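These protein sequence lines map, in sequence, to chains F and L. Heads up: take any position in the first sequence, counting from 1, add 5, and you land on the numbering used here. Heads up: take any position in the second sequence, counting from 1, add 891, and you land on the numbering used here.
Derived by calculation from the structure, the hints in this document are not laboratory data. Please read these numbers as outputs of a predicted model, since none were measured by experiment. Heads up, some of the hints might be wrong.
[As the list claims (entries may be wrong)] No more than 20 Å apart at the CA atoms, straight line, and that leaves these computed lysine to any residue pairs for SDA-like:
#: 1; chain 1: L; residue 1: LYS893; chain 2: F; residue 2: ILE65
#: 2; chain 1: L; residue 1: LYS933; chain 2: F; residue 2: GLU108
#: 3; chain 1: F; residue 1: LYS20; chain 2: F; residue 2: ASP90
#: 4; chain 1: L; residue 1: LYS958; chain 2: L; residue 2: LEU998
#: 5; chain 1: L; residue 1: LYS933; chain 2: F; residue 2: ASP90
#: 6; chain 1: F; residue 1: LYS57; chain 2: L; residue 2: SER986
#: 7; chain 1: L; residue 1: LYS893; chain 2: F; residue 2: SER84
#: 8; chain 1: L; residue 1: LYS947; chain 2: F; residue 2: LYS62
#: 9; chain 1: L; residue 1: LYS933; chain 2: F; residue 2: GLY45
#: 10; chain 1: L; residue 1: LYS958; chain 2: L; residue 2: ASP988
#: 11; chain 1: F; residue 1: LYS62; chain 2: L; residue 2: LYS961
#: 12; chain 1: L; residue 1: LYS958; chain 2: L; residue 2: LYS933
#: 13; chain 1: L; residue 1: LYS947; chain 2: L; residue 2: THR985
#: 14; chain 1: L; residue 1: LYS961; chain 2: L; residue 2: LYS933
#: 15; chain 1: L; residue 1: LYS947; chain 2: F; residue 2: TYR107
#: 16; chain 1: L; residue 1: LYS933; chain 2: F; residue 2: ILE10
#: 17; chain 1: L; residue 1: LYS933; chain 2: F; residue 2: LYS62
#: 18; chain 1: L; residue 1: LYS933; chain 2: L; residue 2: LYS893
#: 19; chain 1: L; residue 1: LYS933; chain 2: F; residue 2: ASP102
Chain residues, written in single-letter form:
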Amino acid sequence: AAGVIQSPRHLIKEKRETATLKCYPIPRHDTVYWYQQGPGQDPQFLISFYEKMQSDKGSIPDRFSAQQFSDYHSELNMSSLELGDSALYFCASSSRDWGSSYEQYFGPGTRLTVT
Amino acid sequence: QKEVEQDPGPLSVPEGAIVSLNCTYSNSAFQYFMWYRQYSRKGPELLMYTYSSGNKEDGRFTAQVDKSSKYISLFIRDSQPSDSATYLCAMSQTSYDKVIFGPGTSLSVIP
Chain F
6 AAGVIQSPRH LIKEKRETAT LKCYPIPRHD TVYWYQQGPG QDPQFLISFY
56 EKMQSDKGSI PDRFSAQQFS DYHSELNMSS LELGDSALYF CASSSRDWGS
106 SYEQYFGPGT RLTVT
Chain L
892 QKEVEQDPGP LSVPEGAIVS LNCTYSNSAF QYFMWYRQYS RKGPELLMYT
942 YSSGNKEDGR FTAQVDKSSK YISLFIRDSQ PSDSATYLCA MSQTSYDKVI
992 FGPGTSLSVI P
């Protein structure tokens, strides 16, 4: 079965640079979630989108922005990168269609290293 | 205090043992409960998904939810070395809400 696709898988940036992470949800999933997982920590919710509209916002820095496009893929834009932004960034997707199972399925993650 | 508490382990068991993993939580609004398995540097893999209190079985895995005690459990029967991973309990208030994770329990199954 098709899974959530994230790109790139690994990204190395310098401080103050900009990074863009991409997420392609499971086909027919209409909701996308972004999570950040620091070293040795559990994933923390950043932001979510449903039908291309922001549906919830968590502990996402103002330096970060995200959007969901008409084909339901999502991009997380991170500017003025700091060393503390080094983490695994996961995208998850789910469906809100009636009769769907509603579970969130996670992608493999993008490992961002800021030097 | 975190919303979801979980013993981080590490937990080490011999192959074939029954493993019990547990989480407690403080927010009574949680209604959906999940267990994810995460191998090192990989994405969380959904193992079990349950709604409200009760039991759910899937193969070697059984999930239990006791909302009155704010306590959830995952049992793994006939544990295998391939089960060695970090197990994250997770929960949400609605079916489409963000998921709140526990800190995870590191499990090693020794051949």
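LYS933 of chain L and GLY45 of chain F were given as a pair; does the straight-line alpha-carbon distance stay at or below 20 Å?
13 Å, holds
Straight-line Cα separation of LYS933 of chain L and ILE10 of chain F no greater than 20 Å?
13 Å, holds
Would the hint linking LYS933 of chain L and GLU108 of chain F be met if the CA-CA limit is 20 Å?
Distance ~18 Å between LYS933 of chain L and GLU108 of chain F Cα, so the pair holds.
Proposed proximity, SER986 of chain L with LYS57 of chain F (alpha carbon, max 20 Å):
The hint holds at about 18 Å.
20 Å Cα cutoff - pair LYS893 of chain L, ILE65 of chain F:
Holds, at roughly 18 Å.
Are LYS958 of chain L and LEU998 of chain L close enough, with their CA atoms no more than 20 Å apart?
25 Å, violated
Verify the proposed pairing of LYS958 of chain L with ASP988 of chain L, using a straight-line Cα cut of 20 Å.
Holds, because 18 Å separates the two Cα atoms, which is no more than 20 Å.
Decide if the proposed pair is consistent with the structure: LYS20 of chain F and ASP90 of chain F, CA atoms, cutoff 20 Å inclusive.
The given pair, whose Cα atoms are some 9 Å apart, holds under the 20 Å limit.
What's the verdict on LYS933 of chain L and LYS893 of chain L, does the C-alpha distance respect the 20 Å limit or exceed it?
24 Å, violated
Tell me if the straight-line CA distance from LYS933 of chain L to LYS62 of chain F falls inside 20 Å.
24 Å, violated
Distance restraint between LYS933 of chain L and ASP90 of chain F, which requires alpha-carbon spacing of 20 Å or less:
18 Å, holds
Checking one constraint from the list: CA of LYS947 of chain L to CA of THR985 of chain L, max 20 Å. Satisfied?
19 Å, holds
The structure is inconsistent with the numbered hints 4, 7, 8, 11, 12, 14, 17, 18, 19, although it conforms to all the rest.
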